[in-house]
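K.L.:
What follows is the residue order along each chain.
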Amino acid sequence: CSRRGKKKKLIMEVMFQYSLILFAFSVQAHKEGNPQKLLEMNGHTAVPHSYDYDLIVIGGGSGGLAAAKEAAKYEKKVMVLDFVTPTPLGNSWGLGGTCVNVGCIPKKLMHQAALLGQALQDSRKFGWQFPEEVKHNWMTMTESVQNYIGSLNWGYRVALREKKVTYENAYGEFVQPHTVKATNKRGVEKLYTAERFLIATGERPRYLGIPGDKEYCISSDDLFSLPYCPGKTLVVGASYVALECAGFLAGLGLDVTVMVRSILLRGFDQDMANKIGEYMEEHGIKFIREFVPIKVEQIEEGTPGRLKVTAKSTKGNEVIEGEYNTVLLAIGRDACTRKIGLDKVGVKINEKTGKIPVNDMEQTNVPYIYAIGDILQDRLELTPVAIQAGRLLVQRLYGGATTKCDYVNVPTTVFTPLEYGACGYSEENAIQKFGEENIEVYHSHFWPLEWTVPSRDNNKCYAKIICNIRDNERVIGFHVLGPNAGEVTQGFAAAIKCGLTKEQLDSTIGIHPVCAEYTRPHNNFLCSSCYLSLTKN
Amino acid sequence: MAQRLALRRLLAGPGRALGTSAGRPSAFNVQDGGDFQERVVNSAKPVVVDFHAQWCGPCKILGPRLEKMVAKQEGKVVMAKVDIDDHTDLAIEYEVSAVPTVLAMKNGDVVDKFVGIKDEDQLEAFLKKLIGA
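Sequences listed follow chains A and B, in order.
In case it helps, UniProt numbering puts the first sequence at residues 1 to 537.
In case it helps, UniProt numbering puts the second sequence at residues 1 to 133.
A portion of the hints provided could be inaccurate.
Okay, derived cross-link-like pairs now, BS3-like style, lysine-lysine, Cα gap no bigger than 25 Å in a straight line [said to hold, decoys possible]:
id	chain 1	residue 1	chain 2	residue 2
1	A	K108	A	K232
2	B	K106	B	K118
3	A	K232	A	K214
4	B	K113	A	K164
5	A	K352	A	K339
6	B	K118	A	K163
The set of hints was computed from the structure by calculation and includes no laboratory data.
Next up, chain A with everything else stripped away, as it sits in the complex (with noise of 0.2 Å):
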């Protein structure tokens, strides 16, 4: 062990002597703006094929991690650069995106928070005896919650050492062909180039463009790791994100508005849509439909502060006002497409929305840059489908594999106050794809076993299944409304992928007693303890 020590230290002397040398040149080289000799001075020569990398991968989210992982699992070298600009308010994270730091995992640990103040409260009735005011404690909960996300990063930091891949907290963006610029935090910039590249910038939440919206307001990218209870909130958007949000912060014993410009949940299926809603509604949580924030402006400074929103009607002219300690904004999220020199290699995007088009293959139009993720347009913006992008991509690339990665009846789950899960067609989309006198609804409302007690809702809980009438009544569309749905779902989108037919679904014996047994729409299932009501659509 000594002995290893010893011969490490000479290494390393010996290192920071060359690398200073190295660093006197590149200095130099830098100031006379020569990338060229930048690139010598790297280590590679003129010929334009020797690249430093097989695969540079930009963004070290979901996809990204996955996709490197993937890659150096074949051996390939392979560099990961990932750098998060600070949010408006300065906020930053560390390694693994989006869902890892301000998306996804935060959210459902935060959304099982507020699940949990519901069970205490749902407990008493079965015996739990305890002092009738419960509070919850914001710094509690969100330190937790951090630490959990440290730990992740400080993992997939170790992951990407341990499978050999490069990483740089760097900003990475493309410069000349084949060759991109990683500028890191302290304003350094390093030239490396690649034979691929893999693009998985993803998103930032957008902002809505009024007086006062960046100085005053939050976004997800805030919230969850606010230092702070954001006390009473306005919820602007009708988003996933915005609802999951409202939902929780309600949950944990907060005033909470949602302000919205049209419908809610967009692109979902809209009477599942509108159910969640109307459970948010009569839980507590205020709605105001059809308007839009014109102006934020601050009342008085503090953590949290209190602002001044003024709204404007959608459909006329009137304005309203209200005050808020926060404003959260969940309007949408644009790429991160605009600002990484996709110009500057020819890579299209669409100009409107950011997004890039890519092939089945998820390539670009320029044959060695490929795509996956949240930035990919007419693609779903999950992880689980970015993952599998991402890994499928290199198999292909590297591997010898043709699977390509299947966008069809990917199951999703909105964590609403009452969980939505879902796979496959709304029954809008299956209507206007099959005609609405080839499909065939069948649907039950039906009361979880654990409500019953604590007295909960009994006409909430809600399940439909839309079949093709025309294709042996083939399960196209699976829709839950209920506890545990993404649970629930799961499964689900296995069969469906596996062309479950409504005569399968019905021969499949149902557990008992679960919820999931209601999402088998059946005639002759009658409990005494259920409230179950099937109709045919």
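Based on the hints, put chain B in the right spot on chain A.
P.N.:
Relative to the frame of chain A, chain B by itself:
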């Protein structure tokens, strides 16, 4: 990062305990690579290096326990603390994967190591071995 740091400082409490009951500080926080070189690698006395992280629960238990046992050795061994998020390059150099990782160093070389929590007796044995070896 600013907000996360603010959050952590808010929750850090009265500050990291560096002092001991003997009044002489036996643990110090490594400031940078140079500091590590000077006070750990080039240290005349043997050093235990506690690699820890703010987000690591077990680290918060091991840290003070190790400091206490180091203090009991009456200056024969020095303790250095390295936050792996602040000094990732050091953590990588010494191949730290999980935390807490404690290295025993003598004359710049790693002579012993453990990962995870240990009780006081185990720590005492670890330290005595380092001093005696």
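K.L.:
Enumerate the violated hints, using their earlier numbering and listing them in ascending order.
P.N.:
6
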